[in-house]
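Once you have looked at the hints, place chains Y, H, E, R, D, V and A on chain Z.
In case you want the letters, here they are:
Protein chains: 8
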Amino acid sequence: RIDHHRTLRRGFPEVIWGEGKTASQVLSIMSQLDDKGHHILVTRLDAKKAKAIQKVFQKSQYYPRSKVLTQVNHPVEMVGKGTILVITAGTTDIPVAEEAAVTAQLMGNPVETLFDVGVAGIHRLLSERERLETARVLIVVAGMEGALPSVVGGLVNRPVIAVPTSIGYGTSFGGVTALLAMLNSCASGVAVVNIDNGFGAGYVASLINRM
Amino acid sequence: RIDHHRTLRRGFPEVIWGEGKTASQVLSIMSQLDDKGHHILVTRLDAKKAKAIQKVFQKSQYYPRSKVLTQVNHPVEMVGKGTILVITAGTTDIPVAEEAAVTAQLMGNPVETLFDVGVAGIHRLLSERERLETARVLIVVAGMEGALPSVVGGLVNRPVIAVPTSIGYGTSFGGVTALLAMLNSCASGVAVVNIDNGFGAGYVASLINRM
Amino acid sequence: RIDHHRTLRRGFPEVIWGEGKTASQVLSIMSQLDDKGHHILVTRLDAKKAKAIQKVFQKSQYYPRSKVLTQVNHPVEMVGKGTILVITAGTTDIPVAEEAAVTAQLMGNPVETLFDVGVAGIHRLLSERERLETARVLIVVAGMEGALPSVVGGLVNRPVIAVPTSIGYGTSFGGVTALLAMLNSCASGVAVVNIDNGFGAGYVASLINRM
Amino acid sequence: RIDHHRTLRRGFPEVIWGEGKTASQVLSIMSQLDDKGHHILVTRLDAKKAKAIQKVFQKSQYYPRSKVLTQVNHPVEMVGKGTILVITAGTTDIPVAEEAAVTAQLMGNPVETLFDVGVAGIHRLLSERERLETARVLIVVAGMEGALPSVVGGLVNRPVIAVPTSIGYGTSFGGVTALLAMLNSCASGVAVVNIDNGFGAGYVASLINRM
Amino acid sequence: RIDHHRTLRRGFPEVIWGEGKTASQVLSIMSQLDDKGHHILVTRLDAKKAKAIQKVFQKSQYYPRSKVLTQVNHPVEMVGKGTILVITAGTTDIPVAEEAAVTAQLMGNPVETLFDVGVAGIHRLLSERERLETARVLIVVAGMEGALPSVVGGLVNRPVIAVPTSIGYGTSFGGVTALLAMLNSCASGVAVVNIDNGFGAGYVASLINRM
Amino acid sequence: RIDHHRTLRRGFPEVIWGEGKTASQVLSIMSQLDDKGHHILVTRLDAKKAKAIQKVFQKSQYYPRSKVLTQVNHPVEMVGKGTILVITAGTTDIPVAEEAAVTAQLMGNPVETLFDVGVAGIHRLLSERERLETARVLIVVAGMEGALPSVVGGLVNRPVIAVPTSIGYGTSFGGVTALLAMLNSCASGVAVVNIDNGFGAGYVASLINRM
Amino acid sequence: RIDHHRTLRRGFPEVIWGEGKTASQVLSIMSQLDDKGHHILVTRLDAKKAKAIQKVFQKSQYYPRSKVLTQVNHPVEMVGKGTILVITAGTTDIPVAEEAAVTAQLMGNPVETLFDVGVAGIHRLLSERERLETARVLIVVAGMEGALPSVVGGLVNRPVIAVPTSIGYGTSFGGVTALLAMLNSCASGVAVVNIDNGFGAGYVASLINRM
Amino acid sequence: RIDHHRTLRRGFPEVIWGEGKTASQVLSIMSQLDDKGHHILVTRLDAKKAKAIQKVFQKSQYYPRSKVLTQVNHPVEMVGKGTILVITAGTTDIPVAEEAAVTAQLMGNPVETLFDVGVAGIHRLLSERERLETARVLIVVAGMEGALPSVVGGLVNRPVIAVPTSIGYGTSFGGVTALLAMLNSCASGVAVVNIDNGFGAGYVASLINRM
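Protein chains in written order, with our numbering: chain Z, 1 to 211; chain Y, 1 to 211; chain H, 1 to 211; chain E, 1 to 211; chain R, 1 to 211; chain D, 1 to 211; chain V, 1 to 211; chain A, 1 to 211.
Chain Z extracted, bound-state conformation (with noise of 0.2 Å):
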């Protein structure tokens, strides 16, 4: 049966959270939404799983860095108006940076990614800031001290979502430090979703580029 702590929407990918359910359990929903034609994204799913369910769903894609499976079974239809970029502060962010991305993509978004753009060099941003002004939604991932989101905000006029990641030590508190930087930041037009939160972030990257 279907979790729905993270919704379900008419013509919207099924969302399955993979964390804390075994493969049968992912498998048996998955083959009720398949049966109704859903595309379906599964979640937080560890390579473990991933592999007993791709016996079953053969044709399904597992993206081992962000642990994400999709199952497509028709030509995902692009609803998205622009651009979706999605920017990463360091290499370590990429797993939650992909997972934003292939939300984005399974929910008919063009995506482009902008990886390892700290601020701590901020000439590698400034290099790209054609691709920057040219996206119509921008999702900024990054850990450490989260600074990345309030430059890409002062760049663009365009809407930020920012996701902080757990990724540091020490006082980086896992991920909570990144959060309240991003939460504070000087730039207006950005906005922030849970730490790690990929998935939250292409959802709603999404539902505005739809826009």
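Because the hints were derived from the structure by calculation, they are not lab data. C-beta atoms are modelled at their ideal positions from N, C-alpha and C, and glycine is treated no differently. Where hints are given, some of them may not hold.
The calculated label-pair distances, taken between Cβ atoms and stated as ranges, are [as the list claims (entries may be wrong)]: (1) A:123 <-> V:22: 36 to 44 Å; (2) E:55 <-> Y:47: 21 to 29 Å; (3) Z:19 <-> Y:81: 31 to 39 Å; (4) R:64 <-> D:110: 40 to 48 Å; (5) R:63 <-> V:22: 55 to 63 Å; (6) A:123 <-> V:75: 40 to 48 Å; (7) Z:31 <-> Y:126: 31 to 39 Å.
If you want the ones that stay clear, here's a sample from chain H, every Cβ over 12 Å from chain R, calculated [what the hints assert, rightly or not]: (8) 23; (9) 25; (10) 54; (11) 55; (12) 76; (13) 133; (14) 196.
Just chains Y, H, E, R, D, V and A, lined up with the frame of chain Z:
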């Protein structure tokens, strides 16, 4: 001189953070901006300073509940493509909601409000379901347990900007409880701004509604 | 010897906190209690220990989801004057709910359950309104943003015992967010127990339902 | 207009949260409610506002310690089936206890009080054991280390509603220490409300005592 | 070489903090100290390392519950002037209590213990009042709500050293709740040491009992 | 009536917690106690109330720095067996130190003080080493980083009662940093009381010094 | 007498922490120091006290924004080997920056300032890159999300002393968010001082610039 | 590809954060850097990965205590103008100290160490005063109560870089207590880096020592 902590952009109203500035400092900044023909939004401005400012800027409008002052030089151009609906859980959340509403209006959006529809009386909210569904972007303002964005997010397929307020006592911790609840919303499509940051919510909602 | 941290009372089942005890320690306590004819409830008992115990107490019943074991020597006397309804927001909250339900049953109450009616899909909850209204005491179990007790508390005129669960990630802080939300509920009539304390909720609900 | 954050119900007194409302706002709400014949309870109302209100509602009663005002139009119907006993650890906890007591009385319950029986002088409490045992519901109010509900909960077989107060200094953290202690009570049968929430405790105790 | 984080003094046993040292590191330190004829106390030493050490120090004694090892070269001189009484609230607090007791014994004190007399069953404690009153120094060990030192402190006119333990779940926060409760004790005469610091309590109690 | 949150004992001065009581409430309690011939200690009493009290109790002594008032009816009997030395890190810690010193004096102890010997000027402390070594019990009062008890604890073989003060700014968090440092002292023989609790330190030191 | 919490050294200005001292106490200390020919720096001194002091020390200079007063008896010897550049993110951070600048100047350093170059308008900062590169030590002062030190640290090969300020609201938590961000800076070469500790930053930068 | 979270600079060793990278990922980055003739520093690299890397980079050196690996292609040029002294409070702080020392050495500094001179045995530290005074920059590493930097800062007129470590238990909170103590140091001249950030301390000390 202009406080850039709430950054300025081309074609947008100029924003002045009133807290920690004297009336004469605010006046000085306003005069510079006014000469250039900008709309001006002053936030967190107490009544006494507002009075002093209105002696000079006689057409400016002051909103005592939300401590916002606006100076509009020519009719605001309507650029928003739909309605932004600002919702509150309680009556005590209205000042923050008003800050969001005034911001969104000044940025060229039709704004509607729906106040005092907290989750402990869920039918008041449900009886307004049509208004929820016709809004293009929703701003949901709540203190205490901060549950309203989750319920609203489950009822609409539009982006929900959640604003925690510092309303409450004891373990509300000045809005932290509401903030945490919103970040952990079981509804997808919810993004969050800082506690009492009505301005930020109005701003990001406006960016979205232009799209 | 009996762990008095979950205290015992006349006519009530004897309760053993399984965590931090070996199987043989639990067995030894159970034997003493069993000789006196008491019903026994063991909480937080992992599957391996349960297996060892069931070799001796062959009629005991083990609930693997909630890690509870019961040993009932004679039919439990029904002393509750109405139904205790145990509600969860999500499927992942069920283990804690089950601990509450088993406790309440062993203490002589008719127990019903209503699972997976979280606030992001409010109509699932509302469609069960009749069941809510016929319950005498309600136990509401929720993790993440912990909003469900507020909505339930607004729909009924009965005491609501709210149980936060450690379900969630990032800023759910192992149940603290849900706990804080419940303590700040805008609905009157809600009282709260410790995170994941299904036993405690079942116990206090039973005390109430005897009245 | 009525603040619904402390929700209203059929046959119950109407409750107004006085904090953050002007005397004239409270008066306006009271007038509406009074016209309908409701009992009225105003909480967190400071003495100055109370004085203004009592000029209009001359029969209303104000409790300066707990900052509660009641307006009773006809004799309160006794619906509670037993006595609610309100206990405090210290004399400084009395204001919160009084809020609980006044709430419970207005909701139709016989209320008794037992003040200043903190655990550092355990015999004062034990000498009142008979009163503890004859109460049907107990409200235990304590600040500082918040230990009293555990001791009371171990002495009775009745539901105990624990109310932490913000009394203390240093690491009492405005009542957080007392709250945490109560949530971790080693006595079963204890449920907790927000810090200083005497109203909430009186309310839930009244719901229980009607049963 | 000796870890000075638990400092050494003339005429006292030498103390080695076992955590984070290999068995051979501990052995090497012990050999140096043993050559000088010192008594030795090793704390936080897991069973596996202890086994390796006991092959060399065959007369050493290992306490598996508290993970303490002692090596005594000649009879410990009794320097304490009275009895140190070590009390616990629950059975799960015993390991920390044992660390305190072994420390105090090795420092030359008669030690008695009184376990499992938590405040939810207050009469078990009161029935031992004579033992409380005859002790010269009391060490009170408790997890969860940490209320026991307050009650004990109210019953005796002797110094009470309170030791919070990390026993509990949810909002016990690994002993922080018990610690805070003890710091806010309404009984005078209570001083507190770090969470699970049985050694520290035994040490300071010994200093006092020599006086 | 007497506030029992700072409990009373046979032969000890009676203690009244002045905070939150009116001058007339304090006077009333004092009169009762005075009639019985008790010494009286009032803590946390502001200057204005003290003035009112001294009009009645004309021989009482008020200490404005520490906000303590004492009323002594006959010479205090010296029961302490040695000197209690009260040490502070800075001059701003003196008010709390004075509360401790006055308490200890009234409880019959010779008291000496050593102020302003913080660890950033370690030689000031070391030049007083003889005084440290001749004291029987030491009370060490420090705010900010709270390091002084560790250094003192390493220099003496006597019990050290550490008192964190709320002196500092920013991350001193009102004394929490000093408290945490003291609880984690690398010196054995240190026990801690609540932030700013000079009274508690003086009390427990007195209990020890009687032994 | 001198407050040693901000310790004094040979050849350095004498520093007096003004907070919590009366004007006459400060005057008394200043007189002693002045007699010995020391430069004097008084921090955290409010305007009223400053006025009283300047009546006696007529050549002293008071900086109302940063609440610093200096008394210089002879020209300050320039000992710094390069320029210390003090940078702020916003205009509201200037008071803390000024405290740092005045401290560094009095300690014999050429000081330059660069205010209001926060990361949301990154080009303002980049347009000053030459000044950044010619400084020998940089002090970076920022509140809110505290991101500026990371960007500056990535642009220069010089030590960066980061100072969090208490500027912000909601989850800025009085500067804690900025502090955490600075501690987690992804740029190497950044070290941090306490919230609002402009003095400390100026001091350590001066020590470095003498080298 | 290179992790830029620990940024790279001209003439400095290249730094790779080993945590969260596979051995082959690290190898690939090292090969690229090695081809360009850079010195390489890998931090937070566990022993197993190090072994795999050393099969390829046979001249690389691995420090198992601090989990650091260095690959030096040609003699490191000495650019530091004096000695950097790395001090620890305890033996368990040595791993973090070693990370600092290896970093500083690879950046061209003479490095000395002084281990296990915690404040509870203050004379060990004082007996090394000459070494303290001859160092040009000091790195002070401490866990638990984090007091050592305050004492060292009071003894020298050189910049002190303080590094809190996660050593401790209970309320050490993984290094937070030590961090807070260091930020609140009563000694001027102390700046702080993140918990366990030996690398950062070595880096900033090297920047200073080049000056």
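field: Unmet hints by their number, sorted upward, for this structure
entry: Of the numbered hints given earlier, those the structure breaks are 9 and 14, listed in rising order.
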